[in-house]
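Here the protein sequences line up with chains A and B, keeping their order. Residue numbers for the first sequence follow my numbering, so the first one is 1284 and each next one is one higher. Residue numbers for the second sequence follow my numbering, so the first one is 1284 and each next one is one higher.
What the hints contain is simulated information worked out from the structure, not anything from laboratory work. Hints may be right or wrong, so weigh each one.
Because identical chains cannot be distinguished in the list, a pair is counted as satisfied if it fits within a single copy or across any two copies.
To be verified - Cross-link-like lysine to aspartate or glutamate pairs, in silico, EDC-like; alpha carbons within 16 Å at most: (1) LYS1288 <-> ASP1409; (2) LYS1297 <-> ASP1611; (3) LYS1384 <-> GLU1361; (4) LYS1384 <-> GLU1424; (5) LYS1408 <-> ASP1636; (6) LYS1288 <-> GLU1351; (7) LYS1292 <-> GLU1457; (8) LYS1295 <-> GLU1402; (9) LYS1549 <-> ASP1611; (10) LYS1465 <-> GLU1342; (11) LYS1292 <-> GLU1351; (12) LYS1360 <-> GLU1520.
There are 2 protein chains.
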Amino acid sequence: MYYSKLFGKTNKSKPADADSANARLLLQGGFVSQMAAGLYTYLPLGLRVLDKIKQIVREEMNAIDGQEISIPMLSPKEPWVATGRWDTIDVLFKLEGAGNKEYALQCTAEDLITPLVKEQTTSYKDFPLTLYQIQDKFRNEPRAKSGLLRGREFSMKDLYSFHLDQEGFAEYYERSKEAYLKVYRRCGLDAMVVKASGGDFTERFSHEFQVATEAGEDTVYVDKQTGEAYNKEIVDEVDLENTEKYTITKAIEVGNIFPLETRFSKAIGLQVQGADGQMKEVIMGSYGIGPSRVMGSIVEIHHDEAGIIWPESVAPFYAHIVPVNWEDESQKSVAEQLYLALQAKGVEVLLDDRVKRPGEKFADADLLGMPYRITVGRRAVEGFVELRPRKTGEIEELTVTEVIARLS
Amino acid sequence: MYYSKLFGKTNKSKPADADSANARLLLQGGFVSQMAAGLYTYLPLGLRVLDKIKQIVREEMNAIDGQEISIPMLSPKEPWVATGRWDTIDVLFKLEGAGNKEYALQCTAEDLITPLVKEQTTSYKDFPLTLYQIQDKFRNEPRAKSGLLRGREFSMKDLYSFHLDQEGFAEYYERSKEAYLKVYRRCGLDAMVVKASGGDFTERFSHEFQVATEAGEDTVYVDKQTGEAYNKEIVDEVDLENTEKYTITKAIEVGNIFPLETRFSKAIGLQVQGADGQMKEVIMGSYGIGPSRVMGSIVEIHHDEAGIIWPESVAPFYAHIVPVNWEDESQKSVAEQLYLALQAKGVEVLLDDRVKRPGEKFADADLLGMPYRITVGRRAVEGFVELRPRKTGEIEELTVTEVIARLS
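Excised from the complex, chain A in its bound form (with noise of 0.2 Å):
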């Protein structure tokens, strides 16, 4: 792509109203605008970087079995009604239409998803079953916050799995913590599997994963002794200042999962006669990780002060090449060339075609985060260029085929 083509540029002056890195960042740099707040519109650089995170995410939920499906955002009362949920989720956000006709925007689907699986299934061999869609989510937050990380629209992965026995459960369970940090390693970073309350469904933990860092709101208490993790919510109060005991450290919560138990199958009726001719109630689980507040994580853990400094599998383009000089005719012809070349590989490159001081487009290579930028200067025409990794910084001066081959 070349930049001066790009729609969505970078912006010399910090947006005022930013209130978290990854806002003002995703902001300056053009990856997303701001339309309302909690309401972000993806520019296509940031597309790029969310529709990647996705795609990792369906690669690992696939590894687990799961099978994608698409539930309407847009759902009739009824099904929240039978769950009693249509009074108690206080982010739902409900409409009417024409018939007065009453409407709820998913905000979760456990209670669109079970009646489904009732509907499809006929036969214990159905199960285990495991089920996801990745798609925007709604939630009349009353106060949104921190850029991608708490929104009124944002993107969600949402699993569910259905089990005939709880050790099934149990182990689809293991399983799925698994792809989790699996996913959250993909996207360059480092998350801890947290317990939490397991809420009005069951007397078990939910487990939340958490990444560690100054921004997060969550408070991670994690016992010295044994490594476990915990919510501060589960926290026992007498334990609450025990430094001795605990490691206290703020975090992100990038994804959770829980088990519901029979919560939602009692409610919907979903049974199934086992292979002895019992009825039995069906075990999910629901397991949740969002795009958007990964894509918004990956930024607060990975930036400095001149930009952000994208992991390379989630990367918008992977290579950044920045002419010093566009109007110089070999450094030009030497930055299309390679230009042209890496694409030929399949490398994915970012060309800066434009007419600008070279300090300017520096200081946007840095913003704009490209794990490589290749800059193409006074030595171009003797055919070379210098190579620096984003996050070292430290340049190397390489032939062109050099650099080619790095890179591909």
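Assemble chain B onto chain A, guided by the hints.
Quick look at chain B alone, frame taken from chain A:
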């Protein structure tokens, strides 16, 4: 995919309330499930089709310089008020959130994208500009009907182009027609370009893409002499019964493109200083294709008494292996060998691993409509299987090696 593991099975009984071939066959085949009137869940088979159509659309929009973005589906009231459409779009879903904030759900996005382009552009050098998104749209339809053809939530690709001169606009508009026709060809649809009213925005025509079928809601008049096609709505009243002059045909609209002139740029104040120093209002066009509507239309066009006949480009799987007797060891072994060999060659394969009567399995294969059925029967033990294209039904006996070579 092993069919026994697939979520969403064929249904022997025809859905009672299906008012169209696409609704009936997609429900019966387990491609979709109906949550409420006009609201369909995509089950794994259906989502595979929808995603393939979206990808074809994406590739062709990228080929005409489209840059993909994603504007929140939930949008604040203000931009709709600014264009004067908050009260004039009768199918706009409206809702209220925390703090008495009012929102609308996107049914189209001129009102949202024009302010975005105003925010993100600074110079005539930023134009021409072409942006699109692929996401669900919402219409508060009094009467949802015809399966995927008229829903309350549906998939939509909406592209918008921005130009500083009429010539540039006109040229792009013609390019978009070619891109649209390419999308339909790739999806197995033979679409015609049909002149229609430009509505309130322009004195020019807009253009629809129509696929001739008795199942269509629209009526297209094709001038026998010139070959020009017109939507009935713009044909002179005196000509309406003139079968000498026109061939009259029923058709489904599968896309439309609109010259918007300066209707939205004026309302939003999207102006830019030209190279000549003069301020110019930006000329816009909008271009829509509904992937879900295309999917419904494909089924309307490509089916027979027995079921769907998917074009190869959008079929959920390319080959459907049907072992006549899954309990026969040699049939099972040949079927699994084929399954693995084809997948290794990158062919998408469905394997019917159910213990069912052959007649029932063949009927399901016809209903599901994959391009090739591979029947593994008695001669499997000698290394022979049958290849049967869904379209022709002509059975050919081949060796396993020959089938693999033929399909990969």
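The hints, checked one at a time:
In this assembly of identical chains, LYS1288 and ASP1409 lie within 16 Å of each other by CA distance solely across copies; the values are 7 Å between and 51 Å within a copy. In this assembly of identical chains, LYS1297 and ASP1611 lie within 16 Å of each other by CA distance neither inside one copy nor across copies; the values are 32 Å within and 70 Å between. Proximity of LYS1384 and GLU1361 under a CA criterion of 16 Å is satisfied intra-copy only: 10 Å inside one chain copy versus 25 Å between copies. When the C-alpha separation of LYS1384 and GLU1424 is checked against a cutoff of 16 Å, the pair qualifies only between copies, where the shortest distance is 11 Å, while the shortest distance within a copy is 24 Å.
For a Cα distance limit of 16 Å, the shortest separation of LYS1408 from ASP1636 across copies, 13 Å, qualifies, whereas the shortest one inside one copy, 59 Å, does not. Taking the shortest Cα distances, LYS1288 and GLU1351 sit within 16 Å of each other only across copies (13 Å), while inside one copy they are farther apart (35 Å). Neither within a single protomer nor between protomers do LYS1292 and GLU1457 lie at most 16 Å apart by alpha-carbon distance, with minima of 43 Å and 29 Å respectively. Within a single copy, LYS1295 and GLU1402 get their C-alpha atoms only as close as 55 Å, which misses the 16 Å cut-off; across copies the closest is 14 Å, which meets it.
In the homo-oligomer, the alpha carbons of LYS1549 and ASP1611 never lie at most 16 Å apart, since the shortest distance is 72 Å inside one protomer and 40 Å across protomers. When the C-alpha separation of LYS1465 and GLU1342 is checked against a cutoff of 16 Å, the pair qualifies only within one copy, where the shortest distance is 10 Å, while the shortest distance between copies is 30 Å. For a Cα distance limit of 16 Å, the shortest separation of LYS1292 from GLU1351 across copies, 15 Å, qualifies, whereas the shortest one inside one copy, 35 Å, does not. In this assembly of identical chains, LYS1360 and GLU1520 lie within 16 Å of each other by CA distance neither inside one copy nor across copies; the values are 40 Å within and 45 Å between.
Of the hints listed earlier, those the structure fails to meet are numbers 2, 7, 9, 12, in rising order.
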